[in-house]
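Visitor: Residue numbers (numbering that gives the first Met the number 0), protein chains in the order written: chain A, 0 to 335; chain B, 0 to 335; chain C, 0 to 335.
Errors might be hidden in some of the hints.
As the list claims (entries may be wrong) - Quick list of in silico lysine-lysine cross-link-like pairs, DSS-like style, CA-CA up to 25 Å:
1) Lys323(A) / Lys258(C)
2) Lys60(A) / Lys166(A)
3) Lys323(C) / Lys323(A)
4) Lys258(C) / Lys334(A)
5) Lys166(C) / Lys142(C)
6) Lys258(C) / Lys334(B)
7) Lys323(B) / Lys334(A)
8) Lys334(A) / Lys323(C)
9) Lys60(A) / Lys50(A)
10) Lys313(C) / Lys323(C)
11) Lys192(C) / Lys261(C)
FYI, nobody ran anything at the bench for these hints, they're computed from the structure. Here the structure is a predicted model, which is why all the values come from computation and not from measurement.
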Amino acid sequence: MTRTLGEIAGHIHAELHGDPRCEIGSIDTLENARAGAISFFSNRRYLHLLKTTRASAVILKADDLAACPVQALVVDNPYLGYARAARLLYPDAPHAPGIHPQADIHSSAKVSAGARVGPFVSVGSNTVIGENAWIGPGCILGKDVMIGADTRLIASVVICHGVVIGKRCILHPGVVIGADGFGIANDNGTWLKIPQVGGVIIGDDVEIGANTSIDRGALDNTVIEDGVKIDNQVQIGHNVRVGAHTAIAGCVGIAGSAKIGKRCLIGGAAGISGHLEIADDVTLMAMTGVANSIREPGVYASAIPAMDARIWRKNAVSFKHLHKLAARLNRLESKS
Amino acid sequence: MTRTLGEIAGHIHAELHGDPRCEIGSIDTLENARAGAISFFSNRRYLHLLKTTRASAVILKADDLAACPVQALVVDNPYLGYARAARLLYPDAPHAPGIHPQADIHSSAKVSAGARVGPFVSVGSNTVIGENAWIGPGCILGKDVMIGADTRLIASVVICHGVVIGKRCILHPGVVIGADGFGIANDNGTWLKIPQVGGVIIGDDVEIGANTSIDRGALDNTVIEDGVKIDNQVQIGHNVRVGAHTAIAGCVGIAGSAKIGKRCLIGGAAGISGHLEIADDVTLMAMTGVANSIREPGVYASAIPAMDARIWRKNAVSFKHLHKLAARLNRLESKS
Amino acid sequence: MTRTLGEIAGHIHAELHGDPRCEIGSIDTLENARAGAISFFSNRRYLHLLKTTRASAVILKADDLAACPVQALVVDNPYLGYARAARLLYPDAPHAPGIHPQADIHSSAKVSAGARVGPFVSVGSNTVIGENAWIGPGCILGKDVMIGADTRLIASVVICHGVVIGKRCILHPGVVIGADGFGIANDNGTWLKIPQVGGVIIGDDVEIGANTSIDRGALDNTVIEDGVKIDNQVQIGHNVRVGAHTAIAGCVGIAGSAKIGKRCLIGGAAGISGHLEIADDVTLMAMTGVANSIREPGVYASAIPAMDARIWRKNAVSFKHLHKLAARLNRLESKS
Numbered sequence: 000m001t002r003t004l005g006e007i008a009g010h011i012h013a014e015l016h017g018d019p020r021c022e023i024g025s026i027d028t029l030e031n032a033r034a035g036a037i038s039f040f041s042n043r044r045y046l047h048l049l050k051t052t053r054a055s056a057v058i059l060k061a062d063d064l065a066a067c068p069v070q071a072l073v074v075d076n077p078y079l080g081y082a083r084a085a086r087l088l089y090p091d092a093p094h095a096p097g098i099h100p101q102a103d104i105h106s107s108a109k110v111s112a113g114a115r116v117g118p119f120v121s122v123g124s125n126t127v128i129g130e131n132a133w134i135g136p137g138c139i140l141g142k143d144v145m146i147g148a149d150t151r152l153i154a155s156v157v158i159c160h161g162v163v164i165g166k167r168c169i170l171h172p173g174v175v176i177g178a179d180g181f182g183i184a185n186d187n188g189t190w191l192k193i194p195q196v197g198g199v200i201i202g203d204d205v206e207i208g209a210n211t212s213i214d215r216g217a218l219d220n221t222v223i224e225d226g227v228k229i230d231n232q233v234q235i236g237h238n239v240r241v242g243a244h245t246a247i248a249g250c251v252g253i254a255g256s257a258k259i260g261k262r263c264l265i266g267g268a269a270g271i272s273g274h275l276e277i278a279d280d281v282t283l284m285a286m287t288g289v290a291n292s293i294r295e296p297g298v299y300a301s302a303i304p305a306m307d308a309r310i311w312r313k314n315a316v317s318f319k320h321l322h323k324l325a326a327r328l329n330r331l332e333s334k335s
Numbered sequence: 000m001t002r003t004l005g006e007i008a009g010h011i012h013a014e015l016h017g018d019p020r021c022e023i024g025s026i027d028t029l030e031n032a033r034a035g036a037i038s039f040f041s042n043r044r045y046l047h048l049l050k051t052t053r054a055s056a057v058i059l060k061a062d063d064l065a066a067c068p069v070q071a072l073v074v075d076n077p078y079l080g081y082a083r084a085a086r087l088l089y090p091d092a093p094h095a096p097g098i099h100p101q102a103d104i105h106s107s108a109k110v111s112a113g114a115r116v117g118p119f120v121s122v123g124s125n126t127v128i129g130e131n132a133w134i135g136p137g138c139i140l141g142k143d144v145m146i147g148a149d150t151r152l153i154a155s156v157v158i159c160h161g162v163v164i165g166k167r168c169i170l171h172p173g174v175v176i177g178a179d180g181f182g183i184a185n186d187n188g189t190w191l192k193i194p195q196v197g198g199v200i201i202g203d204d205v206e207i208g209a210n211t212s213i214d215r216g217a218l219d220n221t222v223i224e225d226g227v228k229i230d231n232q233v234q235i236g237h238n239v240r241v242g243a244h245t246a247i248a249g250c251v252g253i254a255g256s257a258k259i260g261k262r263c264l265i266g267g268a269a270g271i272s273g274h275l276e277i278a279d280d281v282t283l284m285a286m287t288g289v290a291n292s293i294r295e296p297g298v299y300a301s302a303i304p305a306m307d308a309r310i311w312r313k314n315a316v317s318f319k320h321l322h323k324l325a326a327r328l329n330r331l332e333s334k335s
Numbered sequence: 000m001t002r003t004l005g006e007i008a009g010h011i012h013a014e015l016h017g018d019p020r021c022e023i024g025s026i027d028t029l030e031n032a033r034a035g036a037i038s039f040f041s042n043r044r045y046l047h048l049l050k051t052t053r054a055s056a057v058i059l060k061a062d063d064l065a066a067c068p069v070q071a072l073v074v075d076n077p078y079l080g081y082a083r084a085a086r087l088l089y090p091d092a093p094h095a096p097g098i099h100p101q102a103d104i105h106s107s108a109k110v111s112a113g114a115r116v117g118p119f120v121s122v123g124s125n126t127v128i129g130e131n132a133w134i135g136p137g138c139i140l141g142k143d144v145m146i147g148a149d150t151r152l153i154a155s156v157v158i159c160h161g162v163v164i165g166k167r168c169i170l171h172p173g174v175v176i177g178a179d180g181f182g183i184a185n186d187n188g189t190w191l192k193i194p195q196v197g198g199v200i201i202g203d204d205v206e207i208g209a210n211t212s213i214d215r216g217a218l219d220n221t222v223i224e225d226g227v228k229i230d231n232q233v234q235i236g237h238n239v240r241v242g243a244h245t246a247i248a249g250c251v252g253i254a255g256s257a258k259i260g261k262r263c264l265i266g267g268a269a270g271i272s273g274h275l276e277i278a279d280d281v282t283l284m285a286m287t288g289v290a291n292s293i294r295e296p297g298v299y300a301s302a303i304p305a306m307d308a309r310i311w312r313k314n315a316v317s318f319k320h321l322h323k324l325a326a327r328l329n330r331l332e333s334k335s
């Protein structure tokens, strides 16, 4: 969608340095943008690309205006300005409502008039699909499911029985919501499956990445609060609660009954044990392992960074004796 | 399903302290249970919840009977009692047998009379679906597959050609069984794919979580023995063997040709290298990395727990020199 | 397919020690092979199996010829010889071209005459499916997708709009290509989704394992170069570039905008942070965490190996004070 530079400046609350009538049809990197495209500059590492950009205009901070060879939109937070401009230039495509003839909809399900249901979609009894929702090809919805207005299930998403999903959510392909939690009891050496009779409640404005799974609760519900953003390949166990506006990067695993605070940032491949609490405003760096509750906001980490494998091998051996090294150091100190 | 307290007591082998005719229709947490619901108490951390519960009855140990304000069922293992009671109150829903008109079944496939096959299911040639099996919507079964009696593929499960699955198994949405193993040979800088001509054998009473994948063998079969329970997002490589009644938590990766013993407990996000053996009765804590065989039963671990990132950064730097610290300590000791 | 030993020897460039007319119908392990089967020997750990094998012939090195009790094919690299022999004995099954009547193909899509499209496949507008391609049951292809000649999507693969896939690729079940990258901007405590307007370009001869996801770019494309081999459960973020002939084992996560070199070997469950570069010919051992660019070829690692949990617990505690241990050692040295 083409917009004028003036429209974009207004939309992102920017100070315009340039021609408000200049037409912008796309957004691109500093390197690739050409006439008709806008770009943004938020990382000083790429200053050389700013200086040589051929974009029609760049979204940037006032401090960087002097270095910009083209028109500029000055904002406090160029990355946020970019996000807003991109949303203006690339609005969600409207969809034609209707139910594909190759969908299988139970007679008791209620599909809103403005919703779209694609081919090879199965919808169970008493399930409700909200106004303007998009149920893409190959999605499977069990019985008693509720899908909020304007929510989009892109394709091949599975929503098990009784799951409630809020408004304006986006669920990417391969997502599974509401499969049984991992509830087993040991009965003299074999495992007895425990029926998982809780549900899953997903709030509004939640995004869930490809092939992510969120299990239903054992007794209570698993709850994902409003505005949570979850990347791909994430595993969320039964009875987990994720606080509002927390962001979870790819490959994270959260074990059963963990309670994650609001506005947390969970780095990629972090692992969180079950039955613990993480406070609001906690950041976990990538690959961090959390085995105990974290009570204070702050940044936490535990991953060992990569090193030359020859050095690593020696250090890994030393680690096996680390507590002995510490004891030996104590003895030396007491002698000296 | 409603049961009397007396029926439940009998089913779970409990000593009843209360009215055997009391009707119980559900099971819930100590906190949420109300009249008509039973609960259980197995973790002393929640003693305050036991004391204030409004459940009709609680499953607990004899030692905790005095603290219980309501009727009680006394057992040795309340968690197991809970599992049994839940299974009594929430039996698997019986399914109406039959093949959905929008399924695609090869003419040579054999679907037992009592099996149910959902919409958008594809079944290949010579595949056999056992008595009372449930093949949910969107499942894809290749040719020469065998699905045992009473096994349930919830939805969107893919079973590749020649895979054999036992009786009473449960496969959750997104599971992929029998995709090609990662077999490649380096041919002067490029990779030559090696045909994966083995199969996968899954025993009886196996449960496999959402989006988990188990590869077919290169030559021999990949084998999952009876009673194994696997959580979500697990990866099991070609020619792995998992011993009976082992439980594998979410996000675990097991590389090719690893042999895992019986009754092991594999913690979440553990990683197991290929071509090694793990003895029976081994427990791996969460995020443990196993690079060598483990010959003795016991508990093993390797993950570094989360700490304040400022402290972590210093420790991570020190770790890079750990073997030198050890050598320096040796020198100091020899001097002193 | 049955071949003579002479044909196999010629195909794998081996020196034949045996009867060139001997018929070989299968390939199997040293232990399981019987008359009519060929095997291979590449790992001296299995020397006892070579000495007792009942295979008709074994592919091996000249050095091991004397230990072989049966016919032999001598090559420099027996594992590569095995790969080549397996490809000769187990060629890809040819498929009958055609579109299944229960597929849903947009009228503007172009399906080549020799391609096969299975049941419950959805193909969007303007999508092109190349000659001899195989689109298995349950696959979902968005609009403007290009699938190269001879490429196979086994089953339940999702390809989002605009993705380009090369020739002779194999995509296993549950693969998702081109879902939105994890692009969000913080707007005063809540997250604003950034439209992901880049695409995904997959080269020729790429194999992608079950349940792996590769996100579309934010502005530029995500690129997987020719000959890359990716195992199961891998996550590749937006704008990642993976260099030609790199192999990525299962459960690996690669965060956005990372650039991986050519011919790298990425071990299982390794984690690679975003916005960094890894040189050509880098090997990462399993579970390695990479937080900074790696400029030099070589082998890198960081995982702590498993140990008895009682020892581990002490060492993990010592690790929390490791930088203090180092400082104390400095002080002692300066005193002595």
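Visitor: Does each hint fit the structure? Answer for all of them.
Guide: Here's how the hints hold up against the structure:
Of the pairs offered as hints, the one joining Lys323(A) and Lys258(C) is violated, with about 41 Å between alpha carbons and a cut-off of 25 Å exceeded. Only pairs whose Cα atoms come within 25 Å are accepted, and Lys60(A) paired with Lys166(A) is rejected, the gap being roughly 34 Å. Note on Lys323(C) and Lys323(A): the hinted pairing holds, with a Cα-Cα distance of about 15 Å set against a maximum of 25 Å. Restraint check for Lys258(C) and Lys334(A): the C-alpha separation of about 52 Å exceeds 25 Å, so the hint is violated.
The straight-line distance between the Cα atoms of Lys166(C) and Lys142(C) is roughly 19 Å, inside the 25 Å bound, and the hint therefore holds. Proximity of Lys258(C) to Lys334(B) is assessed by CA-CA distance (about 49 Å); at most 25 Å being required, the pair is judged violated. Our distance criterion of 25 Å between C-alpha atoms is met by Lys323(B) and Lys334(A), whose separation comes to about 22 Å. Using a Cα cut-off of 25 Å, the hinted pair Lys334(A) and Lys323(C) holds, with the two alpha carbons roughly 19 Å apart.
Taking the CA atoms of Lys60(A) and Lys50(A), the gap is about 14 Å. The hint holds against a cut of 25 Å. Distance hint between Lys313(C) and Lys323(C) is fulfilled; the C-alpha atoms sit about 16 Å from each other, no more than 25 Å. Our distance criterion of 25 Å between C-alpha atoms is broken by Lys192(C) and Lys261(C), whose separation comes to about 32 Å.
In this structure, the hints that do not hold are numbers 1, 2, 4, 6 and 11, in rising order.
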